[in-house]
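Based on the provided sequences and hints, a complete structural model is requested.
Going down the list, the protein sequences come from chains B and F. Going by my numbering, the first residue of the first sequence is number 148, and it counts up by one from there. Going by my numbering, the first residue of the second sequence is number 148, and it counts up by one from there.
For the record, the hints were derived by calculation from the structure and aren't laboratory data. Among the clues, some could well be false.
The list cannot tell twin chains apart, which means a pair is met if one copy fits it or any two copies do.
[Claimed, not checked] Distance condition first, Cα-Cα at most 30 Å in a straight line; then the derived DSS-like pairs of lysine-lysine: (1) K228 with K175; (2) K349 with K282; (3) K282 with K267; (4) K288 with K188; (5) K217 with K349; (6) K206 with K349; (7) K349 with K155; (8) K302 with K175; (9) K196 with K208; (10) K267 with K246; (11) K222 with K302; (12) K282 with K251; (13) K208 with K222; (14) K334 with K188; (15) K251 with K228; (16) K196 with K206; (17) K196 with K230; (18) K349 with K228; (19) K230 with K282; (20) K246 with K282; (21) K228 with K196; (22) K222 with K206; (23) K155 with K302; (24) K349 with K288; (25) K217 with K302; (26) K349 with K222.
Quick caveat, the model's predicted, so the values are computed rather than measured.
2 protein chains.
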Amino acid sequence: MKTDLSLKTINRLVQYHCILTAMEETGKDIVSSPQIAELLKIDDSQVRKDLNLLGNTGKTKVGYEVSEVKLLIEKVLGFSKTKNVFVVGTGNLGLAIAKYEDFKYYGFNIMAMFDNDPLKINLTYNDKQVFHISKLPILAKEYDVEIAVLTVPRKNAQETADFLVESGINFIWNFTPTILRVPQNIKVCNENLIGNFLQFTKDV
Amino acid sequence: MKTDLSLKTINRLVQYHCILTAMEETGKDIVSSPQIAELLKIDDSQVRKDLNLLGNTGKTKVGYEVSEVKLLIEKVLGFSKTKNVFVVGTGNLGLAIAKYEDFKYYGFNIMAMFDNDPLKINLTYNDKQVFHISKLPILAKEYDVEIAVLTVPRKNAQETADFLVESGINFIWNFTPTILRVPQNIKVCNENLIGNFLQFTKDV
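Here you go:
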């Protein structure tokens with residue numbers, strides 16, 4: 148992935164990709180920047196600027212070639228580079244992530260799921276097997292996984308994070324409402340859904 | 148809520164709130180800005196700047212009063228103003244949102260859930276009852292709800308959004324990987340988890 152893209156630009160490119168995927172499914176070959184802009188309620192010039200970032204975008208006199216722009220977005224965002232991840236916690240959120248088919252198009256590859264509940268062990272969701280959390284260190288080595296998605300209950304978040312760090316996990320995508328204490332070399336991304344909601348509904 | 152706050156500022160305030168909540172639970176009365184900054188791996192000056200936004204922050208010679216700063220954040224972010232919402236779709240993601248206890252602290256108040264699966268109707272999750280989607284228009288009026296969280300499968304996303312708009316919903320928090328076509332006066336917030344993941348793991 149181009150490493151100089153801002154999160155806002157990445158998010159717009161992902162949204163363009165959603166639009167192009169839907170267009171491809173309905174057999175639409177050509178799209179114009181105003182069409183994309185209108186769907187996202189953003190400025191046409193923004194769309195053109197973003198698509199220019201992609202390089203040679205298959206622009207014709209009437210618009211952009213849907214399949215070509217889609218592939219260029221995938222290339223720029225590094226979708227083709229598979230990232231192996233573990234999902235830790237198999238509550239509803241963990242299962243939602245495991246079952247979310249579209250993630251795999253972005254190179255998000257769930258290798259296994261983990262829980263400490265004996266009733267969950269060996270269950271399979273969307274072809275992802277659940278292992279006891281004690282198996283994580285050995286499987287992290289075996290599968291060369293250094294990214295974990297943390298979806299355990301808040302009260303278990305810190306101890307689980309400690310265990311992940313000991314197990315060789317270097318990137319924690321944290322869905323728990325906890326700020327984790329981790330060593331300086333460990334990267335944590337705090338997923339903060341409520342922030343989006345608060346901004347979105349500030350006029351309500 | 149102060150309407151001039153950026154999403155980045157809102158997200159940091161929510162994270163401070165997480166930290167203060169945890170501190171309150173462990174009986175910690177006073178916190179310093181470097182303590183917060185260290186946990187979030189951000190600059191101390193940023194924390195001080197944000198806390199200054201809150202107004203009179205109960206700063207003592209040794210730091211800030213935990214409970215007072217927590218309350219000020221709640222006031223600035225409008226947590227006390229309850230926002231009634233419907234959750235549409237009761238798959239794992241819908242249930243994860245319904246069961247996510249911490250949302251309620253932010254004024255996020257789920258009034259009911261909706262699905263079209265007869266097997267789901269009348270089930271209750273975390274005290275939230277599931278109704279058939281056909282009941283949504285009348286319940287939206289009855290409960291004065293204009294915010295819906297959309298977690299249905301991608302293939303049903305647009306038709307469900309159309310139905311929500313007809314039913315008087317003005318704000319759609321869209322968790323489906325679909326860009327929805329809605330009238331100009333309807334606000335849509337596209338939740339884009341994969342964008343965060345792509346940016347977070349760009350160095351992997």
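Against the structure, the hints:
1. For a Cα distance limit of 30 Å, the shortest separation of K228 from K175 inside one copy, 27 Å, qualifies, whereas the shortest one across copies, 44 Å, does not.
2. Taking the closest pair of Cα atoms, K349 and K282 come within 30 Å of each other only across two copies (27 Å); inside a single copy the shortest separation is 44 Å, beyond that limit.
3. Within a single copy, K282 and K267 get their C-alpha atoms as close as 14 Å, which meets the 30 Å cut-off; across copies the closest is 35 Å, which misses it.
4. Taking the shortest alpha-carbon separations for K288 and K188, only the inter-copy value of 27 Å comes in at or below 30 Å, while the best intra-copy value is 46 Å.
5. Proximity of K217 and K349 under a CA criterion of 30 Å is satisfied inter-copy only: 19 Å between copies versus 34 Å inside one chain copy.
6. For the identical chains of this complex, K206 and K349 are inter-copy neighbours only, at 28 Å across copies versus 39 Å inside a copy, given an alpha-carbon limit of 30 Å.
7. Proximity of K349 and K155 under a CA criterion of 30 Å is satisfied in both settings, with 20 Å inside one chain copy and 15 Å between copies.
8. Proximity of K302 and K175 under a CA criterion of 30 Å is satisfied inter-copy only: 17 Å between copies versus 49 Å inside one chain copy.
9. With identical chains, the CA atoms of K196 and K208 are at most 30 Å apart within one copy only, with a shortest distance of 17 Å there and 50 Å across copies.
10. Taking the closest pair of Cα atoms, K267 and K246 come within 30 Å of each other both inside a single copy (16 Å) and across two copies (19 Å).
11. With identical chains, the CA atoms of K222 and K302 are at most 30 Å apart between copies only, with a shortest distance of 26 Å across copies and 39 Å within one.
12. For the homomeric pair K282 and K251, the shortest alpha-carbon distance inside one copy (24 Å) is at most 30 Å, but the shortest distance between copies (35 Å) is not.
13. Within a single copy, K208 and K222 get their C-alpha atoms as close as 24 Å, which meets the 30 Å cut-off; across copies the closest is 53 Å, which misses it.
14. In this assembly of identical chains, the alpha carbons of K334 and K188 lie at most 30 Å apart only when taken from different copies (10 Å versus 34 Å within one copy).
15. For the identical chains of this complex, K251 and K228 are intra-copy neighbours only, at 11 Å inside a copy versus 38 Å across copies, given an alpha-carbon limit of 30 Å.
16. Proximity of K196 and K206 under a CA criterion of 30 Å is satisfied intra-copy only: 13 Å inside one chain copy versus 45 Å between copies.
17. Proximity of K196 to K230 under the C-alpha cut-off of 30 Å is restricted to the intra-copy arrangement: shortest distance 28 Å within a copy versus 37 Å between copies.
18. For the homomeric pair K349 and K228, the shortest alpha-carbon distance between copies (10 Å) is at most 30 Å, but the shortest distance inside one copy (38 Å) is not.
19. Within a single copy, K230 and K282 get their C-alpha atoms as close as 20 Å, which meets the 30 Å cut-off; across copies the closest is 42 Å, which misses it.
20. Both within a single protomer and between protomers do K246 and K282 lie at most 30 Å apart by alpha-carbon distance, with minima of 22 Å and 28 Å respectively.
21. In this assembly of identical chains, the alpha carbons of K228 and K196 lie at most 30 Å apart only when taken from the same copy (25 Å versus 39 Å across copies).
22. In this assembly of identical chains, K222 and K206 lie within 30 Å of each other by CA distance solely inside one copy; the values are 17 Å within and 50 Å between copies.
23. Only between protomers do K155 and K302 lie at most 30 Å apart by alpha-carbon distance; the minimum there is 26 Å, versus 32 Å within a single protomer.
24. Taking identical chains as interchangeable, the C-alpha atoms of K349 and K288 lie at most 30 Å apart only when they sit on different chains, with a minimum of 21 Å there against 45 Å within one chain.
25. When the C-alpha separation of K217 and K302 is checked against a cutoff of 30 Å, the pair qualifies only between copies, where the shortest distance is 20 Å, while the shortest distance within a copy is 42 Å.
26. When the C-alpha separation of K349 and K222 is checked against a cutoff of 30 Å, the pair qualifies only between copies, where the shortest distance is 13 Å, while the shortest distance within a copy is 36 Å.
The structure fails none of the hints (numbered hints given earlier).
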